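J.: Given next are the chains, with one letter for each unit.
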Amino acid sequence: MRLFITIFCLFSSAILHAGNPYTPAIDTIHLEGVTLVSDYQKFQPGAKIDKLSREQLQRIPEANLDQALMRLSPIYVKGNAGALSTIRFRGTSSNHTAIKLGGININSLTLGHANASNIPTYLFDVINMQYGGSSAINGSGSIGGTVYLEQDNKWTKGQKIKLSSSVGSFGEQFYGTKIYLGNGKWETVTKAYWFQKQNDFYFNNPFHASYYTNPDPIREKQNGAAIENKGIMQQLNYRFDTKAYFKSTLWYEDSWHEIQPNMQSNNQKVPEIQNKNFRSWAEFCKTKSDINYNLGVGYVHDEQIYNKNEDQIIITDRIVSEATASYKTSPISEIKAGALYKFIVPEVYSYSKEIIDYEQQTDFYLSYLFQPVEQLKTTVTVRQMLVTNFKAPFTPALIIKYQALTSTIKQLSLTGALSRSYRIPTFNDRYWGDQGNPNLKAEDGFNAEAGITYLYQKTQNHYKAKVNFFYMDVDNWIQWSPGSIYWEPQNLKQVISKGIELQFQSHIYSGNIELELGTNYSFNPVNNKSNNKQLIYAPKHTGNAFANLQWKKNGVGLEGIYTGKRLHDEVGTTLDQYFLANILTWHNIQYKQHNMRISAQILNILDKDYQNEAYYAMPGRNFKISISIDLFNNN
Amino acid sequence: MYSKNKLFKFNRLALWSLALITAMGFNACSEDDNDHENDVNLDISGAYIINYGSYGNGGASITRYDYNKDSLTNNYFESQNSALQLNSNIQYANIYNDTIYLMGNTSDEIITLNQEFIPMKDAVSEDIEKPRFFVGNQDKLYISCWGADADFSEMADSYIAVYNTTTGTVENKITLAGGPEGLAIANGKLYAALNYSPKVAVIDLATHELSYIDMPAVSSYFIKDANDNLYVSLVSTYSDYSDKAGLGYINTNTDELVENFILEGVSSTYASIMAASNNTETIYLTAASWVEESTDNWVQKGAIYAFDTQSKVFSEFISNLTGANGVSVNPVNNDVYVLMSASSTEAGSVSIYNANGEHQKDLTVGISPYWTLFFN
Chain A
1 MRLFITIFCL
11 FSSAILHAGN
21 PYTPAIDTIH
31 LEGVTLVSDY
41 QKFQPGAKID
51 KLSREQLQRI
61 PEANLDQALM
71 RLSPIYVKGN
81 AGALSTIRFR
91 GTSSNHTAIK
101 LGGININSLT
111 LGHANASNIP
121 TYLFDVINMQ
131 YGGSSAINGS
141 GSIGGTVYLE
151 QDNKWTKGQK
161 IKLSSSVGSF
171 GEQFYGTKIY
181 LGNGKWETVT
191 KAYWFQKQND
201 FYFNNPFHAS
211 YYTNPDPIRE
221 KQNGAAIENK
231 GIMQQLNYRF
241 DTKAYFKSTL
251 WYEDSWHEIQ
261 PNMQSNNQKV
271 PEIQNKNFRS
281 WAEFCKTKSD
291 INYNLGVGYV
301 HDEQIYNKNE
311 DQIIITDRIV
321 SEATASYKTS
331 PISEIKAGAL
341 YKFIVPEVYS
351 YSKEIIDYEQ
361 QTDFYLSYLF
371 QPVEQLKTTV
381 TVRQMLVTNF
391 KAPFTPALII
401 KYQALTSTIK
411 QLSLTGALSR
421 SYRIPTFNDR
431 YWGDQGNPNL
441 KAEDGFNAEA
451 GITYLYQKTQ
461 NHYKAKVNFF
471 YMDVDNWIQW
481 SPGSIYWEPQ
491 NLKQVISKGI
501 ELQFQSHIYS
511 GNIELELGTN
521 YSFNPVNNKS
531 NNKQLIYAPK
541 HTGNAFANLQ
551 WKKNGVGLEG
561 IYTGKRLHDE
571 VGTTLDQYFL
581 ANILTWHNIQ
591 YKQHNMRISA
601 QILNILDKDY
611 QNEAYYAMPG
621 RNFKISISID
631 LFNNN
Chain B
636 MYSKNKLFKF
646 NRLALWSLAL
656 ITAMGFNACS
666 EDDNDHENDV
676 NLDISGAYII
686 NYGSYGNGGA
696 SITRYDYNKD
706 SLTNNYFESQ
716 NSALQLNSNI
726 QYANIYNDTI
736 YLMGNTSDEI
746 ITLNQEFIPM
756 KDAVSEDIEK
766 PRFFVGNQDK
776 LYISCWGADA
786 DFSEMADSYI
796 AVYNTTTGTV
806 ENKITLAGGP
816 EGLAIANGKL
826 YAALNYSPKV
836 AVIDLATHEL
846 SYIDMPAVSS
856 YFIKDANDNL
866 YVSLVSTYSD
876 YSDKAGLGYI
886 NTNTDELVEN
896 FILEGVSSTY
906 ASIMAASNNT
916 ETIYLTAASW
926 VEESTDNWVQ
936 KGAIYAFDTQ
946 SKVFSEFISN
956 LTGANGVSVN
966 PVNNDVYVLM
976 SASSTEAGSV
986 SIYNANGEHQ
996 KDLTVGISPY
1006 WTLFFN
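Sequence lines, in order, name chains A and B.
Be aware that the first sequence starts at 1, since it is given in my numbering, and climbs by one per residue.
Be aware that the second sequence starts at 636, since it is given in my numbering, and climbs by one per residue.
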């Protein structure tokens, strides 16, 4: 908490310092939006990357990443009622999704994943989701997919303040603010939020205390599932000129939650977990003639305390630096080279200092973007990671995008990718007590993908349909299982994940009416090669659909989410499929350049009684009301 | 086939031959094995494998293997109870005074069943926090509990719950730090193996007065011999490393550790890692052994060691095992059941060997088989 306050004060003073010299009395406010294609998009022209847009995220300011993905994407998120959620792209496990903030993968180095319930979407402008392996671009861990947490490049001129507040069922409260100050060269953006949820919802408990004499479910209030998250993010950016800038992000997150008990233990005392994370990333970018340089440096401190027990603290510190340079060899070709270095110091009660004091990781990568024929964008990327006392595989990738139709009305593109992906074992896998296994091999994936995208646009209206086929083969999949004396991680599984993903989106305008429609469906058999069984918590069928209707300043939206049946153990026990429906409505009030938005949501409107994770209760129908105010907004 | 009433009549004699192998010395089995055929209650006879399931994620089950008929029934509890399932993960089970008690975790509770595995009443959870093991004495069960705030270090809040089987309530809690695991009653005293402190606690049953026996390692379970003395499994763990792991022998008259038979790599699993033959001449212990996987490439694999209580020598009984949770012995014929798990979500297995170590049969059972009850 002290660190939190200190950082807040520091950043507040930074804001004043940054803002005052240039904007003593601001009566002209201008925010300049700059749309840039990130390097990872430019060098992966055929990759499947979906976006949660600013507009979508604004409608649910209180949502953490798990909620946003569950509601707005077809990606399966395994989780309970808010305490722990993990992202599972294309049937892979929680450790197979990289979550990128600048040059940092924010996944825990000890666990291998981040809790998606502890990542507030409010702090980000856009969230991009890349499906499939992309280790050649993103390094270790990008086997199933990658989530990019992004900020717009606004280069604020003047001031802008956003205030958001939301209250909801089960003691949910959210308060957030975003403060933008700048003069077109300097920019400071401060974002802070506080989220709390008592999570004391009622549910039908089939596993209650009288179960053995009366097995009928009884209505119970959820115990021990409270959440309190708070965070602050400070960006300090400076634009030297149109071809050079410095950007920095400092993010402190304090997440606390009780460990939700399963339905059987609902009346019992629960432990709690507190995570404190400080993540920072600063980069300098300069373009000179055909050469682009990018230098980045970051520091990450991850800390977890179980049940306030200081003896069992888990800390990792890492310094990350990255340097890239790209050179346009011709108008249609570009080559990029880069190096990424990480110095990691774990301080984990169950690691022996004699075995692991620190670790160094260095990645070298090279990408070449070219057009061998007209309308065919191709990239070849290679990457090699070097790790202290560990061997990581050489990782190549070939990605293509062919624009078959390019008219202003109809566009048809064909995409394809072949890539290798990998994940080096987590620190826990290698160093945990007597159980860590230093002989583990890196998980080794092969990813093949093909897609067709058709876009039809006329006047303002557009319709987009996309089909993707994928095949993924992951060997040396690490699993903790009983060993000779202890449970220990072993390279046990060989997994094949394949499937098809269908997407349709449209935007239709008619007078004052704007209609946005979208649907996603995924069919994804994912099997262990040895027994050909579907993996646990990997639904074969998932889908979602949404419709948003905007009339003048009013809007209404509908969301439907379908999650198919999934195994929750390998004996064959399954969890039922479920369909959730949400409705939301909003109203905008505009006064001069200011805007106020009032919105209401009814979630799980059908009051579906369901389980996402086996034996963990989920809330029924619930409500939220939000208000957001944007001041001095002249976008 | 016996009538039901007759069946119960026989149970009092025959079910006392039921032995949970690690259970220290319910000196199992009828002495007159020749009369076994006459004593067999075919309705319930068999090996009942207690499958723990997956912590916090259900999956606990009972597998019945009727070795008289060579028939296997997985999900036996469900089949006996119209699809009712076990609510919690079963850390330990045993029978006492014709009643089966299951120690459930998440939910933490005592489940009480009759010999047909049918619940006799609601589970009891009040004052039962992370129950581990129990022993019975008169109308009391002494239940080792880790407590609600287990820190897996000092285990300052752990205790022994004194459960009255008549009233169905916990009538006393004996504070006992150090994470008590296995229990035994010998010479009128209660012995508790402390899994987070290198001591064995000795509790006077009348006064609950507490004393300790120092150990060279933390301990897990007991086996009682014919002299009312105790063998105790000594284990090395990450938090309490010891190079003196093995099998200790406690004289319960003097309450001293009189011998320690060192064996590297004794399993620290909380399951039936130790079992005795019906005459306690052989004690089977789950541990690791070194196996040459390829030329000059030695790896540790699971193994079952046989300890000859006369010669005091360990010999490798079965080796090259992966995922061995524990071992049980059928008191009728001394067959050795080796309980194995591939993971916390997959079906486990049981391999049966005769007393000579010859493989007899493999069974596919539920998730994480931990213990076996034998009904004859």
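If you're looking for bench data, these hints aren't it; they were derived computationally from the structure.
Treat the hints with care, since some could be wrong.
What the hints assert, rightly or not - Which chain A residues face chain B? A few, computed with CB under 10 Å, are given here:
no.: 1; residue: K353
no.: 2; residue: G433
no.: 3; residue: G518
no.: 4; residue: T519
no.: 5; residue: Y521
no.: 6; residue: F523
no.: 7; residue: N527
no.: 8; residue: N532
no.: 9; residue: I536
Stated by the list, open to error - The following label-pair restraints were derived from C-beta to C-beta distances:
no.: 10; chain 1: A; residue 1: L502; chain 2: B; residue 2: H994; range: 45 to 53 Å
no.: 11; chain 1: B; residue 1: L719; chain 2: A; residue 2: N531; range: 40 to 48 Å
no.: 12; chain 1: B; residue 1: K756; chain 2: A; residue 2: K308; range: 35 to 43 Å
Remember, predicted model here, so these are calculated numbers, not experimental data.
Note that CB positions come from ideal geometry on N, CA and C, so glycine has one too.
J.: If a hint holds in the structure, say so; if it doesn't, say that too.
T.: So, going through the hints one by one against the coordinates:
no., hint, in the structure
1, K353, "violated, 14 Å"
2, G433, "holds, 4 Å"
3, G518, "violated, 34 Å"
4, T519, "violated, 32 Å"
5, Y521, "violated, 27 Å"
6, F523, "violated, 23 Å"
7, N527, "violated, 14 Å"
8, N532, "violated, 14 Å"
9, I536, "holds, 6 Å"
10, L502/A with H994/B: 45 to 53 Å, "holds, 52 Å"
11, L719/B with N531/A: 40 to 48 Å, "violated, 29 Å"
12, K756/B with K308/A: 35 to 43 Å, "holds, 37 Å"
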